[in-house]
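Participant: These are the residues of each chain, in order.
4 protein chains.
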Amino acid sequence: MPLTSDQLQEIEDQRATPRQTLRATAPGIERHLYTAIPVLDHGFVRVIDYMGDDAAIVQAARVSYGAGTKHVQNDEGLIRYLMRHWHSTPFEMCEIKLHVKLPVFVARQWIRHRTANVNEYSARYSILDREFYIPAPDALAAQSTVNNQGRGAVLEGAEADRVLDILKSDATRAYDHYQEMLSQDGQQGLARELARMNLPANVYTQWYWKTDLHNLFHFLRLRADAHAQYEIRVYAEAICDVVADWVPHAWAAFQDYRLGGATLSGKAIDCLRRMLKGEEVTQETSGMSKGEWREFMGVVED
Amino acid sequence: MPLTSDQLQEIEDQRATPRQTLRATAPGIERHLYTAIPVLDHGFVRVIDYMGDDAAIVQAARVSYGAGTKHVQNDEGLIRYLMRHWHSTPFEMCEIKLHVKLPVFVARQWIRHRTANVNEYSARYSILDREFYIPAPDALAAQSTVNNQGRGAVLEGAEADRVLDILKSDATRAYDHYQEMLSQDGQQGLARELARMNLPANVYTQWYWKTDLHNLFHFLRLRADAHAQYEIRVYAEAICDVVADWVPHAWAAFQDYRLGGATLSGKAIDCLRRMLKGEEVTQETSGMSKGEWREFMGVVED
Amino acid sequence: MPLTSDQLQEIEDQRATPRQTLRATAPGIERHLYTAIPVLDHGFVRVIDYMGDDAAIVQAARVSYGAGTKHVQNDEGLIRYLMRHWHSTPFEMCEIKLHVKLPVFVARQWIRHRTANVNEYSARYSILDREFYIPAPDALAAQSTVNNQGRGAVLEGAEADRVLDILKSDATRAYDHYQEMLSQDGQQGLARELARMNLPANVYTQWYWKTDLHNLFHFLRLRADAHAQYEIRVYAEAICDVVADWVPHAWAAFQDYRLGGATLSGKAIDCLRRMLKGEEVTQETSGMSKGEWREFMGVVED
Amino acid sequence: MPLTSDQLQEIEDQRATPRQTLRATAPGIERHLYTAIPVLDHGFVRVIDYMGDDAAIVQAARVSYGAGTKHVQNDEGLIRYLMRHWHSTPFEMCEIKLHVKLPVFVARQWIRHRTANVNEYSARYSILDREFYIPAPDALAAQSTVNNQGRGAVLEGAEADRVLDILKSDATRAYDHYQEMLSQDGQQGLARELARMNLPANVYTQWYWKTDLHNLFHFLRLRADAHAQYEIRVYAEAICDVVADWVPHAWAAFQDYRLGGATLSGKAIDCLRRMLKGEEVTQETSGMSKGEWREFMGVVED
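From first to last, the protein sequence lines stand for chains V, B, S and Z.
If you count the first sequence from 1, position 255 lands on 255 in our numbering, and the numbers rise without skipping.
If you count the second sequence from 1, position 207 lands on 207 in our numbering, and the numbers rise without skipping.
If you count the third sequence from 1, position 118 lands on 118 in our numbering, and the numbers rise without skipping.
If you count the fourth sequence from 1, position 109 lands on 109 in our numbering, and the numbers rise without skipping.
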């Protein structure tokens with residue numbers, strides 16, 4: 001993630017000038033502000049701004065005149081209650097704004113989360129940088145043999161070499177040609193909005209992305225999950241660390257009830273009750289499909 | 001708007017403790033934080049939090065590493081350009097959170113703006129205060145004789161007295177009965193979620209309401225408009241004053257292009273061109289309906 | 001639910017004229033179209049239009065050229081899979097439009113579901129009918145003694161009589177005064193947009209409400225739940241019956257995975273595993289609060 | 001747009017089986033159902049389903065029991081009134097579902113319209129086809145010399161040849177390598193979710209896209225506009241033709257008030273009034289920037 005010295009200077013300038021405010025502040029996230037958290041080979045997540053803290057969740061839930069409750073312990077208990085009972089609106093009262101640099105194919109998954117505000121770097125207006133995601137050797141995975149939408153073992157040896165070679169040389173050539181088509185040296189130069197079509201999906205783009213804590217939790221639940229594609233999961237994980245520092249009580253509740261929790265179907269609950277009474281239940285006697293049973297076993301067994 | 005001394009103390013406490021932050025701050029809105037701006041007879045608007053300033057709009061539009069452009073003048077020009085060309089996403093990068101106290105019939109109009117976050121005081125859970133909106137004499141308007149959805153002249157004399165008398169006595173009685181039904185003194189007491197059904201639409205409720213600047217502008221364009229009902233317009237106007245102090249460049253652009261602007265139809269543009277060439281155009285020769293022509297005249301004539 | 005004979009005639013007219021279409025049709029819901037399903041004392045739900053069926057969910061999930069899969073059984077399995085794995089977008093491909101008549105205090109809860117389209121009868125423009133919700137005797141519940149936001153036993157005897165008397169007489173008086181203030185007989189007449197403020201929250205309003213199946217399921221999960229207020233739950237239940245006829249496979253999956261399912265926290269899963277190994281776990285050794293433990297027991301015990 | 005014979009057969013099958021329905025039907029759009037309207041070299045727009053017609057807009061605006069008004073003429077007038085006064089909710093009562101095949105760089109612009117439902121063909125799960133957008137000679141435009149975000153003259157001669165050659169050969173090579181990396185012939189085969197990153201932004205994707213008429217009009221206003229990129233504009237124009245057949249009154253109002261209309265700023269209205277009084281107004285005396293003045297002249301001059 002090679003930021004230019006100008007960019008690093010701008011970040012340092014912003015961190016060098018604390019200001020006074022009467023707003024709620026969350027000290028844990030202040031130390032992240034503006035700095036670039038590296039993700040993948042050229043990507044990053046930067047916290048640009050935030051609104052609210054744990055107390056702001058409580059304050060909104062109570063529609064109160066002051067901030068939070070008198071006792072931090074009560075705040076924590078109420079936040080757990082709200083999370084457990086799917087009271088989502090108080091969590092919407094916190095907001096975060098991120099600057100993210102990410103490969104286009106990751107951006108295309110990310111943008112499917114619609115309840116967010118986005119300003120993306122425009123390749124109609126500007127020229128993209130020569131930066132492409134090339135997987136690290138341990139992220140170069142084979143197609144899963146059991147799941148159409150997943151990864152299997154890591155590629156090795158000659159096959160890994162061939163793949164890396166293709167990805168690098170195709171990206172390099174595509175970018176060379178992008179520049180060549182854009183060039184106005186001795187020719188008109190193709191419109192930027194057209195030339196970009198030659199760039200592959202591993203080229204990096206960047207955007208400002210702003211969302212509220214409820215929708216961010218929804219994003220994290222899906223994208224920090226083991227089934228998410230690795231390349232978006234690492235962004236989600238970087239954001240998880242930020243959220244844990246920002247709203248520690250909300251984060252702890254989210255971890256317990258969502259990330260670490262599980263949803264059981266009516267059939268699964270029925271099986272569970274039979275098992276707790278001592279009955280031996282198998283997939284055949286469960287009424288579940290094989291896939292459902294496997295997922296159910298994942299919940300009840302260590 | 002009688003805040004209790006406890007509430008006033010809580011507000012003062014929050015204003016008494018400035019904190020340090022590395023975030024962008026907007027000095028113009030800091031002075032509004034927490035204080036209650038009175039609206040109608042018992043209502044208010046309080047700014048609880050905000051995110052971003054004029055520079056944040058520019059920063060997002062450019063997906064930049066630093067804050068805004070180097071020169072404030074450029075920020076202003078770019079903001080005007082964005083507003084003129086309906087580039088709405090940069091304005092979504094600013095966010096505001098308000099605490100509002102308002103009559104239920106106003107809340108019902110307000111909530112139709114869906115792109116916002118809301119936590120309302122729960123009358124299932126809590127008991128509402130004895131506070132009702134009773135129009136001031138100059139807001140006691142007759143039904144318009146030309147517009148089904150509007151007001152005419154102010155009521156006067158005996159009719160005005162009768163109306164005020166009805167509104168006051170019905171509200172008082174409804175609230176007395178509300179308390180009577182809730183009472184657990186010598187009886188079980190009706191459930192709060194049921195008892196509230198006896199309260200009229202001029203009872204005050206309150207909520208935390210959070211939205212981004214783009215959607216706030218949309219709200220203000222419709223609700224600070226001359227055709228909006230007076231009782232919601234006064235809230236919109238109070239918010240306009242806050243916005244003007246918060247993001248002065250964006251506010252100025254909004255005033256020029258939206259509040260003070262007008263949209264012309266293809267037919268209207270055609271008439272305009274004919275008029276500018278010296279032709280005498282009338283409603284009959286305009287191709288417009290009477291209503292359209294009247295609105296068109298409102299634009300082209302002082 | 002006294003529909004006028006004109007209204008009944010309009011409904012019959014619409015049901016009398018089948019048309020040809022090339023669109024997907026869902027026979028199960030066709031028989032509901034336009035007819036008013038009674039809810040509460042004066043309310044109703046009417047299905048006005050719908051888009052899609054079970055096969056449309058499959059078709060969208062596959063981005064296919066034809067309709068659904070070749071075999072209905074596969075459709076069912078895929079729909080269950082999508083529901084289990086929180087793939088929400090294919091369910092968004094079905095849409096329903098309802099005409100609902102409901103008390104204002106129910107409408108105020110309902111409207112909090114923001115991802116829907118709404119056109120409400122305008123009391124600025126028109127005059128509301130003299131219709132109020134008066135609870136049936138068995139819906140006249142006391143405040144819960146254990147849950148701030150809930151109901152306890154049914155009121156009986158003199159207390160029930162007093163409450164019903166208050167609700168009826170206050171509604172009658174409020175409406176009489178509403179008409180009196182509006183009247184232009186020998187006076188100007190108060191503006192409709194003001195006069196409505198005298199009406200209590202149990203007055204009936206009506207709206208057209210349109211939403212997609214995913215968001216409808218979300219609405220039903222919260223509002224057909226045992227913790228929802230009775231007066232909105234009966235609407236949700238009426239809609240459940242319609243959905244079961246419209247998209248039977250999606251409905252069955254929703255019942256199993258959502259309505260009949262439960263979400264367990266990380267702590268709860270841990271307890272469960274200990275219990276399945278034969279350990280005696282109590283609230284004290286569970287790490288859960290009393291409230292959480294009670295809810296957990298509700299899941300694992302019959 | 002080479003549909004396979006299987007796909008054409010599926011389309012024909014769907015068109016061959018009219019069904020009976022009690023829902024509102026719009027004959028004008030029925031004839032478009034399922035058939036692929038060609039756009040660009042391999043793309044298409046297919047209407048999969050729709051809900052509502054012109055009368056449904058009126059019906060919702062009136063919250064009525066029957067369909068529309070008695071007289072079609074009244075429907076038209078009301079629809080024009082609603083459009084003129086920005087009453088957007090009645091237009092939300094119509095819905096359309098499209099199947100679209102489009103280049104990825106177009107999809108990336110399109111998806112920024114958030115109020116829509118989308119199911120995209122998954123390149124994590126499936127293998128994309130070998131189809132790339134290669135501009136027709138007259139769409140091969142140079143970068144604009146006056147507008148950073150626009151096109152100038154068409155490229156010609158050797159430069160055009162070079163560009164087409166690059167686009168074709170890079171796409172071909174990228175796809176060959178995509179297949180090579182995926183291949184499980186004598187090797188493990190790279191995961192699909194990774195291999196796709198080698199494909200350029202002109203590869204075709206496809207999705208089901210569903211939205212309401214209000215949001216569709218917003219999309220069309222921005223994307224059928226002369227400033228939109230040509231490659232998305234042709235999709236918008238294809239949809240315009242469908243909408244004109246579907247809801248002719250709403251379409252006519254949209255054309256007059258939005259597509260053919262213009263928004264004037266407060267400054268512009270002021271200039272206009274001065275000009276109508278005979279004053280000679282120039283950019284210098286207008287108070288407008290050069291850009292604003294040029295746009296204003298575009299409105300008032302033929």
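Some clues are possibly wrong.
Note: identical chains are not told apart, hence a pair may lie in one copy or across any two.
Stated by the list, open to error - Keeping only pairs whose Cα atoms sit at most 30 Å apart, straight-line, the calculated DSS-like set for lysine-lysine is:
| no. | residue 1 | residue 2 |
| --- | --- | --- |
| 1 | LYS277 | LYS168 |
| 2 | LYS267 | LYS168 |
| 3 | LYS290 | LYS168 |
| 4 | LYS277 | LYS267 |
| 5 | LYS267 | LYS290 |
| 6 | LYS290 | LYS277 |
Keep in mind the hints are simulated off the structure, nothing from the lab.
Keep in mind the model is a prediction, meaning the values are calculated, not measured.
Participant: Within, between, both or neither: how does the pair LYS290, LYS277 come out at a Cα-Cα threshold of 30 Å?
Facilitator: Intra 23 Å, inter 23 Å, cutoff 30 Å: intra and inter.
Participant: At most 30 Å between C-alpha atoms: does LYS267 with LYS168 qualify within a copy, between copies, both, or neither?
Facilitator: Answer is neither; intra-copy 49 Å and inter-copy 46 Å both fail.
Participant: At 30 Å max between alpha carbons, let me know whether LYS277 reaches LYS267 within a copy, between copies, both or neither.
Facilitator: both (16 Å within a copy, 21 Å between copies)
Participant: I want to check one pair: LYS267 and LYS290. Are their C-alpha atoms no more than 30 Å apart within a copy, between two copies, both, or neither?
Facilitator: both (13 Å within a copy, 26 Å between copies)
Participant: When no copy is specified for LYS290 and LYS168, does a C-alpha distance of 30 Å or less occur within a copy, between copies, both, or neither?
Facilitator: neither (41 Å within a copy, 46 Å between copies)
Participant: Is the C-alpha distance from LYS277 to LYS168 at most 30 Å within one copy, between copies, in both cases, or in neither?
Facilitator: neither (59 Å within a copy, 52 Å between copies)
Hints 1, 2, 3 from the list above are not met by this structure, while the remaining hints are.
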